Amino acid sequence: MRLASGGRVDRAKPLSFVFDGKRYTGFQGDTVASALLANGVHLVGRSFKYHRPRGIMAAGAGEPNALFGIGRDEAHYTPNLTASQVMLYDGLVAESQNRSPSLERDTGSLIDRLWRFFPAGFYYKTFMWPRKAWTKLFEPRIREMAGLGRAPKAPDAARYGQIYAHCETLVIGAGPAGIAAALRAAAAGGRVILCDEQAEFGGSLLAENVAKIDGLPASDWLALSVAELQRLNVKMLPRSVAFGYFPHNMVGIAQDLTDYLGEPDTGIRGRLWQVRAGEVVVATGALERPMVFPDNDRPGIMLADSARVFVERYGVKPGTRAVVFTAHDEAYRAALALHEAGVEIAVIADLREAPAGGWVDKARAAGLLVRPGTVVTETSGHLRVTGVTLSTGEVVSCDLVLMSGGFTPSVHLFSQSRGKLKFDEALQIFVPGEPAEATRAVGAAAGAQTLAAALGEGYTVADLPDSGGGFLGAVPHGRDPATVRAFVDFQNDVTAKDLKLAMLEGFRSIEHVKRYTTTGMATDQGKTSNMNALGIVSEALGVPIPAIGTTTFRMPYTPIPFGLFAGYARGELFDPVRETPIHSWAKERGAVFEDVGQWKRARYFPNGDEDMNAAVTRECKAVRAGCGIFDASTLGKIEIVGPDAAEFLNRMYVNTWTKLKPGKLRYGVLLREDGFVLDDGVVGRMAEDRFHVTTTTGGAPRVLAMMEDYLQTEWPELKVWLTSTTEQWAVIAVQGPKAREILQHLVEGADISNAAFPHMSVAECKVAGVPARLFRVSFTGELGFEVNVPADHGRAVWEAIFASGGTTPYGTETMHVLRAEKGYIIVGQETDGTATPDDVGLSWAIGKTKPDYVGKRALARASMAAQDDRKQLVGVLTEDPGIVLEEGAHLVADPNQPVPMKMLGHITSSYWSGTLDRSIALAMVRKGRSRIGESFTVPLPDRNVKVTLTEPVFFDPEGVRINA
Amino acid sequence: MLLIDCPYCGKRPEIEFSYGGEAHIARAPKDATDKEWTAFLYQRGNARGEHAERWRHVRGCGKFFNAVRNTVTDHFLTTYKAGEKRP
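Protein chains in written order, with the working numbering: chain A, 1 to 964; chain B, 1001 to 1087.
Calculated from the structure, these hints are not laboratory results.
If you're wondering where the values come from, they're calculated on a predicted model, not measured in any experiment.
Heads up, some of the hints might be wrong.
As the list claims (entries may be wrong) - Partial selection, computed: residues in chain B whose CB lies under 10 Å from chain A:
hint, residue
1, Leu1003
2, Glu1016
3, Glu1022
4, Ala1026
5, Ala1032
6, Ala1039
7, Gln1043
8, Lys1063
9, His1075
Said to hold, decoys possible - For lysine to aspartate or glutamate, the following DMTMM-like pairs were computed, each having C-alpha atoms within a straight-line distance of at most 20 Å:
hint, chain 1, residue 1, chain 2, residue 2
10, B, Lys1063, A, Asp466
11, B, Lys1035, A, Glu673
12, A, Lys212, A, Glu610
Glycine included, C-beta positions come from ideal geometry on N, C-alpha and C.
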């Protein structure tokens, strides 16, 4: 119920919202939780495992129960949002989770009646057999029941931003301690960033109606301080959760920019801040703990200080008649606040034998009934609490129970920074100890027990009594433990009994206990439960808490939308797309493209409604009979220059480069230091001190990085410079018996006759008026040229060559078939990182007399030299010429042997050859070269295929055409 | 994200760098025994604590350099140019 006055909500601004299909009204400044309580709604969720009715328990990030799916449609839907953290806006649509068909009548709650059969580790113990039932029956059913919330059904329509920021001081948390720290840092100079998860700065001061700071009411001091921070140019980030603490003082902050406006798509939804700070001040406050007593989870049972916040900050009365169960003085303060708001306080049961102190005295003075040394042993009610039984035997009716087990410092971020925690024996809490980074914890996060301590020196606090107390673990209730459930982790339905069972079953490490019982897991990560769980484990094992330690705190502090991490990297911007200078021509021509790394490459150029096979067969025949034109611009290219360039290449490649004359090309093979083929490519010597190196399309960055590594760290004395030129050159391959005839009239400054310009020559000349490096080279087995021109002229030169007539454009698929017909390998297709040059028939390339090169020593190892059992490159012909084998299929000697069969090798490339009018394949086969002519079987799922091993060159083995 | 002090450019975020494995592993001579060669190719210290390692400022100056990093805390003790002795 809404109080007539009080709180920070704006009663002049009513907001309409929908929860589970029903319309309600709240005010500007409400959270969804406070607005629901103002409408008398306590039942907001069903628990994870037992489907027990649950209510709003906390006013902040600790809330374990009130998790909603929020969003007006699927494209703006976010699951598992905490009702006490979502600010209300007009038109907000929320739905509860984990219930069917409704919160009031949930069919899943049948499990609650069978709770005794669902102990900790139930799933580990139960679904062991029959094995086959697991995939068909158990897993699908469990998956249906598991998990909180549901994923949205439509892609996220929101946009997200990302930003880097740097500052001398980052203060996390704008409560009193954070504000005081930010004021000090700003006064000292330097850039200061202050962030807080809430819409309004102030933290606990937003519900501070008693204390005076420096003689001012707390809210006035807050307003003045925020204005002062503004004047000092402190960067202030409200609605910004510092969710992760990363090495070297980088903090991740998730900022909500428009969610709270309720007007999606008006701007970016949120922004990911990556802040690098000189010093990080952790002022993250403390979270109140529940009391662990039987049936402590009914709707209407909430944390005492949260209840006070609902009254004093939101002007909401969460009930009419309350019982308080506490071990901490703050609950007395809450009782007084509710009493003043008109809530009847039936009784305050205090676990402690002799509660004393300012708030206790005030409560007694106000006439509130206090029962020391008393516990709540039972509660009643189904969808709302209706009463409690005290250990005195009294049965008290109520519609609200306030509980307080004391406060746990929020050490999450400090701990994420790898700072050590220490246990404060007097306060029974973990507080930040030795930091690992330039990190300082202040205020309640550091264990400060009073407002004065949180603010630090320079401030005076008046009128606020001190408070203290606290309890860890399950309260003694004297009932048969087998018949009661006292919840420790509300979000995961873990009871004190579950934890004790884990002890009985031999679990000792708190990390194991966590995983076995699931305590401290899920979206709240044990914010309210971890310390009570520790208390129970400590008592059960008779081991002090510091000897048990805590579980690891991991990011994120609260759930963060994935979209925030993706940022702009979605859709077209997910990954860069690389297009060649000729891409637009191919696109206009109707080419079908394929992805090769980040490159888009034309795969084939269909005529009309040709399919790929028809197009490729036509393109292949056109190249072999006349001339084809192919865009090879994606080839990696490195310009290697310097007086020691040839020596450098000698050391890198297996080949010898010293004797290669300027104007000549050579096919180079590059190994890794372990002797296996890494890359290959044609290298042209442009001058004594200048080489034009090509690499595979995918290998260019890897090759350049490896060359730089050797040059910088092994042979820094060599005078060589390496430059990536991949994107500087467009490469146009002109291939086929008519290639020279077509190209000749476009070439100026070079004689490209066969006599003057034989295979493996290179010349600098002009092609179509553009300065070019003209290669006489072939990856097709035909007379061929590769025209390298500056990328900007690529399309113009391509069009000039094409306009000569008689050329057929072809794509990568045809390129693959043509090279396979000639037995040319593709590194990464025939090789797999375990092939030596000899394995793939390239030992001819090795400069045998060279003193050294990368991989030479490895090739000398016995296992590399022994050729009798290594896989070797061979050709494969099927008995039935119409069958095209699957790439990756295996070869076996006898298809009738038992499974698993002895595999002799595998198919690496397999195509239909239109030229040969039959299928062809390449394979890596054990002792393959000595088995040429023998027959084998390739077992496929539906049939066995008979094959014969052949030489890997299927077409023009004499190489007549290439030298034409 | 680590903050790495490139000896040529100064402090830059980790995304500008690529990791290069353990530092100060000399390429074994070509007459090395199989055992020595295997050690050079495959065997690494895997230190818990201070670890000399190679980095390259690949999206910056492109230079390889060495660093001593504590593998437990991720704190860098120092960075220095390739070819220099480990401080």
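Please name the hints from earlier in the document that this structure breaks, with their numbers sorted from lowest to highest. 2, 3, 6, 7, 10, 12
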